[in-house]
Every structure is written in structure tokens, then in C-alpha cells.
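Number of protein chains: 2
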Amino acid sequence: MRRVAIVGAGITKFGVREASWKDLVQEAGKAVFEDVPNLDKKEIDSLFVGAAQPERWVFQTHVAPLVAELLGINVTRAIARTEVACASGQAAIRYAWLSIATGLSDVALVLGVEKMNTKFMNVSQSSMINVGNREFDGANGFTAPPFFALAAQRHMHDYGTTREQLAMVRVKNAEYGSYNPYAQFQKKVTVEKVLESRMVAPPLTLFDCSAITDGAAALILASQEKARQLTDTPVWILGGVQHVSAAHTTNQMGDLSQWVALRKAAKDLYSMVGIEAKDVDVAEVHDCFTISEIIEYEELGFCRKGEGGKFIEEGESYIGGKVAVNPGGGLLSNGHPLGATGIRQAWEVVMQFRGEVPKERYVDGAEIAIAHNLSGMAQLHHLMAYSVNRPQDVKFGR
Amino acid sequence: MRRVAIVGAGITKFGVREASWKDLVQEAGKAVFEDVPNLDKKEIDSLFVGAAQPERWVFQTHVAPLVAELLGINVTRAIARTEVACASGQAAIRYAWLSIATGLSDVALVLGVEKMNTKFMNVSQSSMINVGNREFDGANGFTAPPFFALAAQRHMHDYGTTREQLAMVRVKNAEYGSYNPYAQFQKKVTVEKVLESRMVAPPLTLFDCSAITDGAAALILASQEKARQLTDTPVWILGGVQHVSAAHTTNQMGDLSQWVALRKAAKDLYSMVGIEAKDVDVAEVHDCFTISEIIEYEELGFCRKGEGGKFIEEGESYIGGKVAVNPGGGLLSNGHPLGATGIRQAWEVVMQFRGEVPKERYVDGAEIAIAHNLSGMAQLHHLMAYSVNRPQDVKFGR
Numbered sequence: 059m060r061r062v063a064i065v066g067a068g069i070t071k072f073g074v075r076e077a078s079w080k081d082l083v084q085e086a087g088k089a090v091f092e093d094v095p096n097l098d099k100k101e102i103d104s105l106f107v108g109a110a111q112p113e114r115w116v117f118q119t120h121v122a123p124l125v126a127e128l129l130g131i132n133v134t135r136a137i138a139r140t141e142v143a144c145a146s147g148q149a150a151i152r153y154a155w156l157s158i159a160t161g162l163s164d165v166a167l168v169l170g171v172e173k174m175n176t177k178f179m180n181v182s183q184s185s186m187i188n189v190g191n192r193e194f195d196g197a198n199g200f201t202a203p204p205f206f207a208l209a210a211q212r213h214m215h216d217y218g219t220t221r222e223q224l225a226m227v228r229v230k231n232a233e234y235g236s237y238n239p240y241a242q243f244q245k246k247v248t249v250e251k252v253l254e255s256r257m258v259a260p261p262l263t264l265f266d267c268s269a270i271t272d273g274a275a276a277l278i279l280a281s282q283e284k285a286r287q288l289t290d291t292p293v294w295i296l297g298g299v300q301h302v303s304a305a306h307t308t309n310q311m312g313d314l315s316q317w318v319a320l321r322k323a324a325k326d327l328y329s330m331v332g333i334e335a336k337d338v339d340v341a342e343v344h345d346c347f348t349i350s351e352i353i354e355y356e357e358l359g360f361c362r363k364g365e366g367g368k369f370i371e372e373g374e375s376y377i378g379g380k381v382a383v384n385p386g387g388g389l390l391s392n393g394h395p396l397g398a399t400g401i402r403q404a405w406e407v408v409m410q411f412r413g414e415v416p417k418e419r420y421v422d423g424a425e426i427a428i429a430h431n432l433s434g435m436a437q438l439h440h441l442m443a444y445s446v447n448r449p450q451d452v453k454f455g456r
Numbered sequence: 059m060r061r062v063a064i065v066g067a068g069i070t071k072f073g074v075r076e077a078s079w080k081d082l083v084q085e086a087g088k089a090v091f092e093d094v095p096n097l098d099k100k101e102i103d104s105l106f107v108g109a110a111q112p113e114r115w116v117f118q119t120h121v122a123p124l125v126a127e128l129l130g131i132n133v134t135r136a137i138a139r140t141e142v143a144c145a146s147g148q149a150a151i152r153y154a155w156l157s158i159a160t161g162l163s164d165v166a167l168v169l170g171v172e173k174m175n176t177k178f179m180n181v182s183q184s185s186m187i188n189v190g191n192r193e194f195d196g197a198n199g200f201t202a203p204p205f206f207a208l209a210a211q212r213h214m215h216d217y218g219t220t221r222e223q224l225a226m227v228r229v230k231n232a233e234y235g236s237y238n239p240y241a242q243f244q245k246k247v248t249v250e251k252v253l254e255s256r257m258v259a260p261p262l263t264l265f266d267c268s269a270i271t272d273g274a275a276a277l278i279l280a281s282q283e284k285a286r287q288l289t290d291t292p293v294w295i296l297g298g299v300q301h302v303s304a305a306h307t308t309n310q311m312g313d314l315s316q317w318v319a320l321r322k323a324a325k326d327l328y329s330m331v332g333i334e335a336k337d338v339d340v341a342e343v344h345d346c347f348t349i350s351e352i353i354e355y356e357e358l359g360f361c362r363k364g365e366g367g368k369f370i371e372e373g374e375s376y377i378g379g380k381v382a383v384n385p386g387g388g389l390l391s392n393g394h395p396l397g398a399t400g401i402r403q404a405w406e407v408v409m410q411f412r413g414e415v416p417k418e419r420y421v422d423g424a425e426i427a428i429a430h431n432l433s434g435m436a437q438l439h440h441l442m443a444y445s446v447n448r449p450q451d452v453k454f455g456r
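These protein sequence lines map, in sequence, to chains V and H. In this text, residue positions in the first sequence follow this note's numbering: the first is 59, and each later residue adds one. In this text, residue positions in the second sequence follow this note's numbering: the first is 59, and each later residue adds one.
Keep in mind that the hints were calculated from the coordinates and are not lab data.
Each pair may be met inside one copy or between any two copies, as identical chains are not told apart.
The calculated DSS-like cross-link candidates involving lysine-lysine, where the alpha carbons are at most 25 Å apart (straight line), are:
id, residue 1, residue 2
1, K453, K100
2, K322, K100
3, K325, K100
4, K325, K368
5, K322, K336
6, K322, K99
7, K325, K99
8, K99, K88
9, K363, K325
So here's chain V without its partners, still in its complex pose (with noise of 0.2 Å):
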């Protein structure tokens, strides 16, 4: 199996924009054009997009050969859109991992959109319940803040996780995100500001969920022979793996506050890795809220079931931490275009590694890095991992 990297990595502001989606897409195309500057346009040979929703949202579908005539690119190998809602743009650069991998492509364009905010607000907001199974907890007003407040309920009452806690999370994403030029929130906050901001289902406030943005993102990804000519710190993929359990509906589910896929999920990747929890420098992980966040850290073995909370209090997530969780921001400080986050947290691993962010959020010598998806009510756990020195050949079976 070929050995696959990202060259190339851009990115748009991410916010409430005065942009179309396509305006969006043109602006991440050019950024990552940019900065692959000895890329012949020509060498891209497949295209993969990361989208969600642009059916509901911008009332288009068949979305990916639309960004290839934006973006001026005639695809001769593969090409798709991927939707795994929130998790939708990881699956496109899994997809086209798994093609560069096999050798069926040697370059491809991977790119994740979402324009949320439209005139039509009650439509962007109400096709939210759509992510879930609509009959039953979408009929029922069940849609994700409900979910993780619930999560955060339990976990609470069964860790005695505390309410400052989560909100810490929330501190500590608004501090990187405030040396994050993308990012749509850049002021940093305090807990008694988490805590002040107006409810949105106990116990969560609004502070502690990320928000409904507009934005995209794009990576150039190739074969080792190809990386080598276009870039001299090509990130390599060491791995990815995805884990659902068969329940969906909600009340098919357990208790709500362990997220046995992630932990399962974990595992999987680190065995294909060939790495501990414990080598993990950096961790793009899906903090679509407060809660997410505190149950990654524990199901993803960056400390014990239960000690998520403890974990954020004593600074173990920040940079100089045990694992610097989240510092670009995260979803709460970049805001959440599902199509276009997955994508976001792979830039953000590729600049992180070139030493290119500020230095307030620099994570000094990272050499692992790992990006975790979930999607829906946490169901589905979507994980890729990353390395800028360690080029080798992946394990992809079990």
C-alpha cells in the first residue's frame, strides 16, 4: 500500500459570512492553491467534498462536480461527496486517502463546505433535526443540545463532574481561538461568562455549543513520490478508523454519558497506529459542546472514565498538559460548518506541524497528532491520525 500525506492545507474565515457557498468554496480553493504553489492543477486527479446539507441549506445537490468547475479541476480518477453530517469532511479525506492508498489516484483535491447562515433561518436551524432519526427524535424536538445536556446531566451525577468544569472547556478553546485569525469567536472568556450566558438546556449554556457557521476548508492530498516533489513537510495519514453502534434512535441507546464506539474506536486506532494514548501530541477533537470534550479526553484514554472533569480543571488538556487538546480553538471558538470542520482539524494538524500558527498556540515539537469526528447524537466516532516525521507504511488490516 502507498504511503499518503497531505501537501496542502487552506482555509476561510470561518462566521457568519457575506459569502455564498460558492464564493466559500473559490476562497478555501484558492487559499490551498496557494499554498502548494508548484502544483500543477492538472496533477489533480480526483476530488472528494465534504458536505451535509447544501440540499437544505443552499438548495443544491451533485455538489462535487460543481467545485470541480469552480475550482477549474478535470477529475480522471475518482470523485464524490461524502456526508456523515457532522463528521462529513473526514469522510471525504478518508475516501480519498483510500484511493491514493490503492494507487487508483496519485493527487487529490479534498474539500469541506457548509453555508448555514441564510436568509432562511428557520430552514438552517430546523434541518437540524434532520440528523437524527427525524421520526423519532426529530419529531420530538430531540436534536443535539437536549442530547449533550442529558450527557452532561448524567456525567454529572455519576463523576460529580461539576458545572465549572464544563465551562472550563470553553475557556480553554476561547483562549487558542483568540490567537485564531479563522476562527468565528476570538475573545477569550471566563467561567463566570460561560456560566452568565443565557440557557439552552440545562445545564448547558450558550457558551458551551458551538455554533451555526458558515465556512470551508481544503487539502491537497498525495503519494509519497508525488508529496516529495511538492512539499518538504508533507503531514503523513498513519491511520483512520470509524465506529457506530447499531443503536441510533436515542432511546435505543445506553447511558448517554459513555460513548463506548469513541473508546472502542480509540483502541482500534492505536493498535493501527502502533501508538499509545500517551503519545498523542495534539488532538483535534469534536467539542460541539462542553460535555463532548470532557468525555473525549476519557474515552480516548487521555485519562481514566470519570476524570474528564478533573483533567480540564488541572490543565492537562492545555498545551504544556499531558495532550494539547483543541488549540486551534475547536469547534467552539471556529464554529461548526459541518461539511467543513473535519477538514478544519486536519489544517489545523498540518499547520500546527509546520510551526505555522502563533505562538500563544503552538504545540512545540508535536509529532502525533489525532482528529476525532462524532456525528449525531454520538453515535458515530470518526478518528484519523497524523504524523509529520514519521512516514510509514500503515496497517490498514486488524
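Given the coordinates of chain V, assemble chain H onto it according to the supplied hints.
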């Protein structure tokens, strides 16, 4: 790279179904599981779902995990929904193929589904404008029927293709569809009947067009080792490519009857597989309109450019002719539930290779099959090649 086989296939009746989207998923799932009685569902580690616009037609996104729940699948390796409009199903097969070829997955479920006939038929139909560049072609009503009508007009002008030759494609496919109990339309038709049907877009009448259809189809794909345990008649994937011109908006396209991307894709596929056009025994091609199949004969190399009309008139695309094209009735008879069509084509190939079709539409002795989808206004072409007797290493690279 590992060899990959289809080891099971199942399908629902296609048509205007008194069945929900979820019913269709379960019906196809039941069919495919019954087709592989030795399979323990726990062996399935990955799931790929082809679906075009469930967001608009059934108000549901994040459909892959919903399929997992409905069919009781625990994913431990890879999951995604794929979308490339009319070719969404084939993209799911391709993702599964790459996943198994690398060793990431061992056994994958691939399912395609679309529920297009709903209470809101104005939404169902108007949503088709989202397939093109909506703000140009869509806003001007330039959807599939007028596009393919113009392609037909140009082909008739340049090559002398006759109205009757177009109709003959429907006559052939209706005949084979009459022996397919899963097809939406199972009545034979005559050239006169096609010509007499109501005008849609000159020269295309109703019977020149495929329909708005509900349906689902599913496959089990496995590595060679697993395949040998699960079936005596594995159908091997020999290769697959996709070609797309950067021109997507129709006023950026050239001569509408020259499908250059398909010409190049066919050449690429044959080179990958080590065959020539004349070696193809069964061709499942994307006859969304009668003119499509005629142009496809040409671009796939079954006849010379411009001679597609003569090819059908002389019976060369019938069973017993140079190549059996759409022996299951094609899209014209089966209908075209977008996400399911690509999987339905693979199902037909499996049934042909096994000899599990009525003798009137059986291609005896077939060894090589190809499946072709187009999407959008024929800017994108998607090809796969299959064989029953030749497990061979795939030459992924060029």
C-alpha cells in the same frame, strides 16, 4: 492490494411504492441477507450508503447510521453516505471496494436507496433542478429532459440518427424489462407506441425517458478470503474509474452529443482491466433517456462515433449481438431511484453471472461485465468492471 468480490445482492421491487424510505431499506437489507445465508451480520465491519437527496425527499440526512440501525449493523471500520446525484450508488460501491482492497475492511454492506414518490410531488420534481448548477441551469429550467433532448437533436443532425432509432432503445429495454419482476415497467412496447406517447422535450417523448422511482438495492462486498467462505460464485471487481470535465454549467460545455469524458473513462477502464471494448459481454449502461444509450454505445467503443443508431437498429446491443446492453431492462424499464440505480446495475450483473435470471434475458457464458452511470447533464461518467471467472489483481495505477 487485496482482491474484492461481490458475494451477495438483493433488491426491492422498483416503482411507485406504498412503502416508506425505511421500509425500502429494510426490504433490500432482508433480500441481501437472505442471499448470503452463511454470513453472520457481525462479520460486516463497514457500511456505505448511496443516496442522492433524502434531505429533500424524506427530510432525512445522516442516513448511513440510520441504515445501520434499521439493519442491525455494528460498524467497526468505515461508514459513509456517498452522493453524486444519479451515480450515488456506484460511488458507494467504489468506496467499499477501496476500503476492502486496502485491508481496512473485510466485509462491507453497500446499500442504495431513494424514495422519490411522496405526497409532495412538486418538491420531488422541483428538487431535480438542484442537480445542475442551480443558479444557472436550474433557475432557467434546464433540467435533464431538455438537456438530453438537445443532445438528441445534435446527434440526429450530425449523424442522421433517426427518431425511430431512439425509440428502438426503449423497445429493447422494455422487452428485457418484461422479464424482470423487479422492474417498474414490465410491458413490451413498439416503436409506434414510443412515438405516440406524449411529448416531453422534442424529440423525446414520455417513453424515451426514465421515471421517478422508489427503490433500494444492496450488496455484500468481501475480501477474497472472506468471499471464498461466503459464496461459490463471487463476482470480482476488476476496476473502476470516473472522469469529469471541469465544465459543469451547460453553457460551458461543448457539443452536447460528444461525451468526451466517457470516451476517456472507457479507455482508462479498459487499460486498467486489460480488456478491449469487444471483450465486454454484459454492459449495464445509464439509459436515463434513449439517446443516452445510443451515445454510450459509441463512447464505450462498442461501435464507431455516430453509428449508435445503426447499432441498435441492427440488433447489436441485444443478447446475441455484439454486446448485451441492459439485459435487465435498464433505467428505462426499472425506473431510476437515484441512489439505488448503481447498486441495481451491480445486482443485475451478479444475477447474470449466476444465471439467476429468466432465460429470455440471460446472457449465457458472460464473463466480463461493465456498469456505467452518468450524473448531471452527462458531464460525469462513472465506470466499474466485473468478472465472474477471473479473480485478478487490479492494476490501480496508470
